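With these hints in hand, go ahead and build the complete structure from the sequences.
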Amino acid sequence: MRTIALVCVLGVAVLSSTVMAYGNQPDARPLDLLGYALLAATALGLAWRQTRPELALAVCVGAAAGIFTLGYALALWAVPALIALFSAIAAGRRAAGWAGAALMVATPGVAAVMTGQIDVTSAAVVWALVVLAVAQPAEVSRARRAYTAEVERRAVYAERTREEEALRRAQEERLRVARELHDVTSHTVSVIALHAAVAAEAVERAGGPPEAAAALQVIRTSSRQALSEMKAILGVLRTNDPHEP
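Take the sequence shown: its letters are residues -21 to -1, 1 to 224, numbered as in mature numbering (1 follows the signal peptide of the UniProt record, and there is no 0).
Hints listed in this document are in silico derivations from the structure and should not be mistaken for laboratory results. There's no promise every hint is true.
Said to hold, decoys possible - Estimated spans, in silico, between C-beta atoms of each pair:
#1 Ala137 with Ala112: 30 to 40 Å
#2 Arg73 with Arg158: 57 to 67 Å
#3 Ala193 with Arg139: 57 to 67 Å
#4 Ala211 with Arg124: 53 to 63 Å
#5 Ala81 with Gln4: 21 to 31 Å
#6 Ala128 with Arg(-20): 16 to 26 Å
#7 Ala122 with Ser(-5): 27 to 37 Å
#8 Ala26 with Gln4: 22 to 32 Å
#9 Gln4 with Val104: 13 to 23 Å
#10 Tyr136 with Ser165: 34 to 44 Å
Please read all numbers here as calculations on a predicted model, not as lab measurements. We put the beta carbon where it would ideally sit given N, CA and C, even for glycine.
This is the structure:
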């Protein structure tokens, strides 16, 4: 919406200033269909200022150079070209931006050759100063944007690194707890299994009730199964730990 408003405002300003300029420049080439088309192009080119800055620069600068070279009245039609120049350089399109700047500087010389009405030296100096006055702040804006983008990229990388480190430490802590639990529990369960085996054998030798021997055998078997399951769980935790050799 802001781009449309800018195009409309500049279009009106360019057309009205050019029409009024003929009061002080009677020798300028009269506005014809080509002149009106070029005036419209200077403003309409800014429609691509944000999406395709190179295209906006080419249209605006090309139209302005055509108006200047063909000898139409001097007015505000260079303003859209300067805006497009700033936008292109600030967006990082430095090659296109400085190519457009060179064309703007060279335009007075071309116009002087074609019309013989312009002082090449003074016009070139004025245009060069104007272009530099626009291009230099654009370079500063581009550098600031690049610096800001780099700072944001590093901040995102640092945040991601902190998250990964936190996950790694949490995984290490879970593995440590699992190891300690395995060591303590496995020792206890092993003792239970051993005593159950000894008790079952003693019951059988003493001719005790078969139900007691069977119960002791169940305890022994369950203990061994619990040990196997704990080892399997610990193996899974080690497999999920990327830092575990």
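So, going through the hints one by one against the coordinates:
1. The supplied range of 30 to 40 Å is met by Ala137 and Ala112, whose beta-carbon atoms lie about 39 Å from each other.
2. Checked against the hint of 57 to 67 Å, the C-beta distance between Arg73 and Arg158 comes to roughly 58 Å, which is consistent with it.
3. Take Ala193 and Arg139: their Cβ atoms lie about 58 Å apart, and the range 57 to 67 Å holds.
4. The supplied range of 53 to 63 Å is met by Ala211 and Arg124, whose beta-carbon atoms lie about 55 Å from each other.
5. Between Ala81 and Gln4 the Cβ separation comes to about 26 Å, which falls inside the hinted range of 21 to 31 Å.
6. At about 22 Å, the beta-carbon gap between Ala128 and Arg(-20) stays in the expected band of 16 to 26 Å.
7. Checked against the hint of 27 to 37 Å, the pair Ala122 and Ser(-5) passes, with Cβ atoms roughly 33 Å apart.
8. As the Cβ distance of Ala26 to Gln4 is approximately 29 Å, the hint placing it in 22 to 32 Å holds.
9. Between Gln4 and Val104 the C-beta distance comes to about 21 Å, which sits within the given range of 13 to 23 Å.
10. Here the CB-CB span from Tyr136 to Ser165 is close to 42 Å, well matched to the stated 34 to 44 Å.
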